[in-house]
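K.L.:
The listed protein sequences derive, respectively, from chains A and B.
First residue of the first sequence: 1, per my numbering; consecutive thereafter.
First residue of the second sequence: 1, per my numbering; consecutive thereafter.
The hints are simulated quantities; they were obtained by calculation from the structure and are not laboratory data.
Just so you know, even glycine gets a beta-carbon here, dropped at the ideal spot from N, CA and C.
Keep in mind that a hint or two might mislead.
With a Cα cut of at most 20 angstroms, we get these calculated SDA-like pairs of lysine to any residue [stated by the list, open to error]: (1) A:K202 <-> B:D68; (2) B:K275 <-> B:E255; (3) B:K34 <-> A:N206; (4) B:K111 <-> A:D193; (5) A:K202 <-> B:E62; (6) B:K34 <-> A:D291; (7) A:K202 <-> B:D38; (8) A:K240 <-> A:D291; (9) B:K224 <-> B:D38.
Have a look at the derived ranges for each label pair, beta carbon to beta carbon [what the hints assert, rightly or not]: (10) B:P193 <-> A:G195: 37 to 47 angstroms; (11) A:G195 <-> B:P171: 43 to 53 angstroms; (12) A:R205 <-> B:Q30: 21 to 31 angstroms; (13) B:T178 <-> A:E192: 49 to 59 angstroms; (14) A:R318 <-> B:D175: 52 to 62 angstroms; (15) A:Q187 <-> B:P206: 22 to 32 angstroms; (16) B:N251 <-> A:K230: 49 to 59 angstroms; (17) A:Q187 <-> B:D175: 54 to 64 angstroms; (18) B:E221 <-> A:E179: 52 to 62 angstroms; (19) B:K31 <-> A:G195: 25 to 35 angstroms; (20) A:P185 <-> B:T39: 48 to 58 angstroms; (21) B:P193 <-> A:P82: 28 to 38 angstroms; (22) A:R47 <-> B:G264: 42 to 52 angstroms.
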Amino acid sequence: MRELKLMKGNEALAEAAIRAGCDAYFGYPITPQSEILEYLSYEADRRTGMVVLQAESEIASINMVYGAAGTGKKVMTSSSSPGMSLMQEGISYIACAELPCLLVNVNRGGPGLGTIQPGQSDYFQSVKGGGHGDYKLIVLAPSTVQEMADFVDEGFKLAFKYRNPVLILTDGALGQMMEKVELMPQQERTFEDLGWTTIGRKEGRNSNAITSLHLQPDQMELVNIHLQEKYAEIVKNEIKYETIDCEDADYIIVAYGLVARICQKSASLAREKGIKVGVIRPITLFPFPYDIIREYAGKVKGMFDVEMNAGQMIEDVRLAVEGRVPIGFHGRMGGMIPSPEEILEKFEEKFIGGSK
Amino acid sequence: MNEKRMLGDQHFETMIAEESICNNENLVYQKPLKALYDTPMHYCPGCGHGVVHRLLAEVIEEMDILSDVIGVAPVGCSVLAYNYLNIDMSEAAHGRASAVATGIKRVLPEKYVFSYQGDGDLAAIGTGETIHTCNRGENILMIFINNGIYGMTGGQMAPTTLPNMKTTTSPFGRDVKTMGNPLKITDLVAALPGTYYVTRQSVHKPVNVRRTKKAIQKSFEYQKEGKGTCFIEVVSNCPSNWKMEPLESNNWMEENMFPFYPLGDLKTPNGKENKND
Ligand SMILES: Cc1ncc(C[n+]2csc(CCOP(=O)(O)OP(=O)(O)O)c2C)c(N)n1
Ligand code: SF4
Ligand SMILES: [Mg+2]
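Generate the whole structure from the sequences, applying the supplied hints.
P.N.:
If you want it as structure tokens, here you go:
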């Protein structure tokens, strides 16, 4: 039976975590994502016995995740930009120790304490490795409240498939806005001995250790090589994107998350004027859909990248386009959301010239 | 040269003696090889870390909880504890061992969980986690090796470094006016309602080794009963960075560390604190 609800993005995500059979959430309040912790504090334990703990800081939260994820349980945390910055050391440890877990960043405008309004300025931090060392998160970028919910279960599946942390990178607007959402039925919380986990040494095996320390450089290099091979496998298998009206397009806008939806409106406004514009929406930011952008770069007259930042994903768009066509950019910063009209105007300035 | 030869001869004689007493009914001590790997530890001669590892292994074997215990190693000299203890272990980021232990314990509440940390780890960079873990009364054992120095990184000042004590970053001695006073974090956590049993011990003499072992054992028993945080400080040495012979370091510890960090219980279930002599 379909179960439709009207929910805030943050609440839908929290509800999806309970239904996905999540075992534990560790987090610290920060706007615009506190509803996740609040919702779980009220709902989770009494419904499924899921552990919900308000930690003393994001540093503590991520390290609690590290400990709990090492047992093979389904664990997660969420935060917003400044809190994510605090977690980076822990995320690097988690990536190196190859612990499956789910992270959520409800991005707000920065830098610094910034604003509680939405932003996409944590793109670099999320996809290029925000902490130290060569590592990658699998990064999912929802653009609807529905995807905020769906990506929880999907995120856990990817995390366990690759023993890799998965990040849902969303923003304050998606977290706060209400939309219709269809929820999955309650999954049972299950627990499996995955073999490598720290759950108490079973008879017949030696101890397991969760660690990211390999003092011999040749050993540490092997660990790195293994990680890189895993990331290559992820690139091969997990790229997700959406193309909207691209087939006949003369121009393509590339945008992710909420901005991609705004750009869809800009594209249809353009089509009303007779300018054929399509939209490519990367859904996985790592792995990034270079190929589809490259393919369209050979067909269109120009690409236009729109973000709620000073231009971060555009670097990946450029890598995909490789100079085949000109690339325009429009970005708003500090928590400002671009309007469809303003995007169209900037697009026309770049590509259509005086023909207003 | 002469001295070494003498030692060598003595050793030889002991070996012969050992052979004649090496039968089972004379066995008084055996390495706890179920919980401890039979491998040399990297610790410097005379360092307290190895002794505490062995005690943990002994207690774990004697209580027969090998498959039910999970440890958390710190960043510090004991970062490789998981190479010595044959039990499941997680290696935490610097200072975060008690948060990692919290995460494990919360999802596996039936297991015995302990963290093992040095003074820099537990009382400087990890102070927040320490206080809040204890304040929540996490049902874990926290072991705290206080050697008054940053061992692993080569002898820098620790939060526990004594006044006027020389380290590489307090080369003229710790000036409490500018560098702060040594932090008695064990006294702090004893004052928190979440802690159930807080004690300060050492492992430099057989009697103290026995007391520390007893404290570990009691802590696991309390954990089984769900009593809250148990906290064992072990006042220890760092011969290498104190730049002393092992014996000298133990004497120095007795003379200088113990007056500042007196051994004994700080908090016990019945409220009767045991002051060690
Ligand atoms: C975030 C971070 N900061 C600094 C270090 C460097 N570091 C490693 S161990 C250590 C201090 C260890 O001292 P202590 O906790 O007293 O343990 P000991 O070696 O004395 O047993 C420091 C500062 C690190 N690994 N990580
Ligand atoms: S440096 Fe100090 S604490 Fe570290 S192993 Fe050597 S004696 Fe022990
Ligand atoms: Mg130390």
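K.L.:
Which of the listed hints are not met by the structure?
P.N.:
Per hint list: 6, 9, 15 violated.
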